[in-house]
Amino acid sequence: MPTILRLLLLLIFLVLPIYSIAQTYRNVIPGWSLTSGFDNSTWTSQNGDFAFGFRPIADNNSFVLAIWYAKIPDQTVVWFATDGTEYNGDIQIPKGSKVELTIAGKLILSDHQGKQIWSAGDNLSGATYAAMLDNGNFVLGSKSSAGYLWESFNHPTDTILPSQVLDRKRLNNKLYSSASDTTYSKGRFRLRIPDDNNLVLYPVAFPSLTENKYPPYYNLSSLSKSKPDIKQFVFNESGQIYIVSNNGSIVNLVQWGTLAPATNVYYRATLDFNGVFTQYSHPKNTDAPGQFWSIVRYIPDNICMSFNDRLGSGVCGYNSYCQLTSEGRPICQCPPEFDFIDPENIFGGCTPNFDLQRCRGEDTRKPNELFELRTLRNVDWTTSDYESLESYNEQDCRSSCLSDCLCAVALFREGTCWKKKLPLPNGRLDVSVNGNALIKIRKDKGSSSEKDPNSKYCKHGNKNRSTIILVGSLLGSSVFFNIIFLAVIFVVLLFVNKTLRKKTHKTSVLRSNLHSFTYEELEEATDGFSEELGRGAFGIVYKGFTEEMGSIAVKKLDKVFHQGEKEFKSEVNTIGQTHHKNLVRLLGFCDEGQHRLLVYEFMSNGSLADLLFGITKPDWNRRVQFAFGISRGLMYLHEECSTQIIHCDIKPQNILLDDSFTARISDFGLAKLLITSQTRGSTGIRGTRGYVAPEWFRNTPVSSKVDVYSYGVMLLEIICCRKGVVPELVEEEIKAILTDWAYDCYSQGKLEDLVENDEEVMNDMRRFERLVMIAIWCIQDEPSLRPSMKKVTQMLEGVLEVSAPPCPYQFKEYVGNSSVCNDV
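Quick note on numbering: the sequence shown equals residues -22 to -1, 1 to 802 in mature numbering (1 follows the signal peptide of the UniProt record, and there is no 0).
These are computed hints drawn from the structure, not numbers from a lab. Do not rely on the hints blindly, as some may be mistaken.
Said to hold, decoys possible - The calculated lysine to any residue pairs, modelled on SDA-like cross-linking and capped at a C-alpha distance of 25 angstroms, are:
1) Lys49 - Gly226
2) Lys559 - Ala587
3) Lys49 - Asp250
4) Lys399 - Cys383
5) Lys559 - Glu526
6) Lys595 - Met751
7) Lys93 - Tyr107
8) Lys191 - Pro401
9) Lys713 - Leu590
10) Lys121 - Thr241
11) Lys152 - His90
12) Lys152 - Phe318
13) Lys209 - Asn197
14) Lys147 - Ser88
15) Lys344 - Asn414
16) Lys559 - Glu322
17) Lys209 - Gln269
18) Lys421 - Lys521
19) Lys209 - Thr256
20) Lys559 - Ile593
21) Lys49 - Thr256
22) Lys49 - Gly26
23) Lys152 - Ile69
24) Lys344 - Asn331
25) Lys152 - Cys383
26) Lys521 - Glu570
27) Lys399 - Phe318
28) Lys769 - Glu509
29) Lys147 - Thr160
30) Lys262 - Ser141
31) Lys701 - Lys534
32) Lys701 - Arg600
33) Lys399 - Asp320
34) Lys534 - Gly584
35) Lys191 - Asn323
36) Lys701 - Pro679
37) Lys769 - Pro672
With the hints as extra help, turn the sequences into a complete structure.
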C-alpha cells in the first residue's frame, strides 16, 4: 500500500506543473480535446478576449469550428475552419464531433464516428502545444521550433485582426465574403493581392465549383498615381491598415483620419457579405450598456457605382437595383411588380410577378391594353441596353417599349431612349442619371393561361360551362326545380362574390407585408374602440386584440393625413419597410373611405415619460440604456433607411417600452419624409414645445438635425430624471429650463447640482459628464454644429472622443436674463 501511495503522489506532482503551465499560458497540450454540443468548453486566450471552439448554427444540431470575441455580447466570429474549396467553404459539423490535439502533434477534427473532417495542415505533425493568443491568432507550436508550425492568421476567412498580415507570396492571401450575414459559407466577393502586385476586390460566379473571376470592382492601381508594388497588406496593432511595398515604403489605402486608441476598443476588418471591405470598432468596456460594432471606414466609397462590366449581376442580383446608405452599405430593391426570388436574401435578385412575354400573336388586344409603364427616377441598369433610339421624347420612348415584346425597361434621358431586356444586371440608383426608368408591367398582373380569354388553356372552363347548361336543361322541365336551381345559383354567386372581395382585399397588402384591415375588423378588434391607451397630436390610440397578432395598438388618425389614397399608402409602405429593435413596428393599416388607421405592436410597459417622471426613478444603468437605444433607432431612421425619415417630435411620451423595457421610438410614421438625396426641406412647425429646434421658428429649411436637437433635450431629461421645463421653479429661473441649467452647471463645474440625491449617478460622474457634454452638442443653436445621430451614437459608445462643447446659444437674447453664456 505505501508503494501505491508513493506512486500516486509522484503522479500528482508530475501532472501539477503541466496543468499549472497550461492555465498560466493557456496552452493546450497533446491529448486535450473539445466536443461539440455537450458542453460549452473552449480554449481561450490569456486575456479572455478570444475563444476557440464550437459555435452552434441552425437548430443547434450543427456547428462550426471557430474563433470569436469572447467578452462582447454578440461574440462575433473572426475565423472558422473551411474545407479548402472555393465554393461552400464552411464545414457543417455534427453534434458529438471532436477537435483534438493528438499525441502525435496533429490538430484533427473528427465526427462522432471518428471519421476525420478537417485538420490543421495536411502533413503537419509534431506540435507539442496549441494556444489561443491574445491577438486572436490560434497557433500550433513546438518547443524545438522557433516559429509556429501552423496559425489561423495564415488561413483567413472573411476577417483580419490587428497584427495580421496578408502576404502576396503566401498561398492563402485572400479574404472571402460570407454568403449572408447569418451564414459561414463563402459568398460572391474576394479581397486579394494577385501576382501583379496589386490589391483588388472582385466578384466571382456564384454558385460555382471553381473560382470564376469577374473584373475587379476595386483596383488600387487604378486609384494610385503610380503602379503599386505590393508586398503585404497590413493591419497593425493600433488599428491602422496600409500597404507595404517591396521597397519597404508604406502607403495608406485612403486618407482615413485618426482612430480611437486600441487600448479602449476592439478593431476588426471584414469583407462583408455585400462586398464592402469595412473596418469596425467596438468598445472594450463590457459593463456599459448599448454596445455594438460601429463602422470606422470602408472601401469602395460607393459599391453601387463600382460595377461596370457586362458580365455578372453586380453587387445586387439580376433585375434588382442598388441604393447606397449614408454608411456606404448597399441596399437592394426590386422594381415595381417585381419580387425578391428569396425574401430572406435581398442580394439574390428579383423576378417579375407577372407574365411579361406576349409575342405569340394570340392576343388581339393592343399593347397599351395589356401593359403599362411605371416610372423609377434616376434608376439605371447600365449594361443591359440592346437598342438606343435618338431624338425621341418620353412618349415616343414609352410607345416603343410597349410595342416591343422584348423590352422590359426603357431609360429615357435627354432625348435618347435606351431599351433593355431581362435579365437586368448592374442596377443602381444614381442621381447623375437624370432620367426616368420606365418599367413595363402587366395591367392584369396574370399569366396568359389565367387571364387570356382566347387562350387554349380555357378548355376546362368551357367544360364546366357546358355542364351547367346541361344541368339547367334537365331541370328546365319543372318550375319547382327551376326555382331551386336559381336559388342555388344565387347562393353560389353570393359566396363567390364575397370570397373574391375578401381575396381582393387581402391581396391589397403592400409589398412591405403590412396587413390591410377593414374598419369593421379593427372596430371588432378594439371592442368598439373602448379601451383608450393615449392621445396625441395625430389621433387617439386604442388597445385591441386579434387571434393572428395578439395584442395590438390601433391609432385613429384625425388630423394628419388629408392626402389621397395613393399618397397615404406610399407613406405607409415606407414606414412598413423599417425594421429595428428600437422602433415600434407597424403591423398594418386601414384606408377605407374617411377612415385612416395604423396598427402597431402593443408596448406593455407604457411610455418613457411615465417611467422617468413617476414617483420613483428608474436605475441609472437602465436610463443610460434607454439613451443608447433611442440613439440607435434615430440613426437607423436618418441614415440606414432607403427613404430618410425625420421624426420631428422626439420626446419621452413618444418613446415606448416593451416587455423587456427596451426603448422603442413610436409615431415616426407620421414624421416628415425626405428622399435620401435630399438634405433639407421646408415645412410648417412640427413638434412639442420644449423639444423644438430653433430653425423651426426662423422659417428656414430644416433637416434631420431637428431630431438631434430634440434628442439632446430628452437626453438631459433621461440622465437628470426631470422634465425639460418646470414652470414651478420660476423663482429660480435658471433651473426652470433644464437645457439652460445644464450648461450653466457644466460651465461652472457644478454638475453634481443636476443630480443631487441621486447616489447612483454621483458614483458615476465621469460618465454623467460625458453624457451632459453630448447633450450640449446636440442642442447647439446652429444646426451645422450639431453632430449627426451616427456621431452621437459613436460618442455614446466611446468610439469618438467628446470635446468640450461651446455655448449652445449663438445670440444672448435666446436665454433672456439667465446667466447662461454670459462669459462667451
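Given the hint that Lys191 pairs with Asn323, does the C-alpha gap stay at or below 25 angstroms?
holds (22 angstroms)
Holds or violated: Lys344 and Asn414, Cα atoms, limit 25 angstroms.
holds (24 angstroms)
Would the pair Lys559 and Glu322 pass a check requiring their Cα atoms to be no farther apart than 25 angstroms?
holds (18 angstroms)
Holds or violated: Lys49 to Asp250, with C-alpha atoms at most 25 angstroms apart
holds (22 angstroms)
Would you check the hint for Lys49 and Gly226, treating anything up to 25 angstroms between C-alpha atoms as holding?
violated (36 angstroms)
Would you check the hint for Lys595 and Met751, treating anything up to 25 angstroms between C-alpha atoms as holding?
Holds, because 22 angstroms separates the two Cα atoms, which is no more than 25 angstroms.
Given pair status - Thr160, Lys147, alpha carbons within 25 angstroms:
violated (32 angstroms)
So if I understand the rule, the pair passes when the alpha-carbon distance is 25 angstroms or less; does Lys147 with Ser88 pass?
Violated, because 31 angstroms separates the two Cα atoms, which is more than 25 angstroms.
Take the C-alpha atoms of Lys191 and Pro401, compute the straight-line distance between them, and say whether it is at most 25 angstroms.
holds (20 angstroms)
Is the straight-line distance between the alpha-carbon of Lys421 and that of Lys521 25 angstroms or less?
With a Cα-Cα distance of about 39 angstroms, the restraint between Lys421 and Lys521 is violated, given a limit of 25 angstroms.
Verify the proposed pairing of Lys701 with Arg600, using a straight-line Cα cut of 25 angstroms.
holds (18 angstroms)
Next pair to validate is Lys534 with Gly584; report whether the Cα-Cα distance is within 25 angstroms.
Holds - the C-alpha atoms of Gly584 and Lys534 are around 18 angstroms apart, at most 25 angstroms.
In summary, the numbered hints that this structure violates are 1, 10, 11, 12, 14, 17, 18, 20, 25, 28, 29, 31 and 36.
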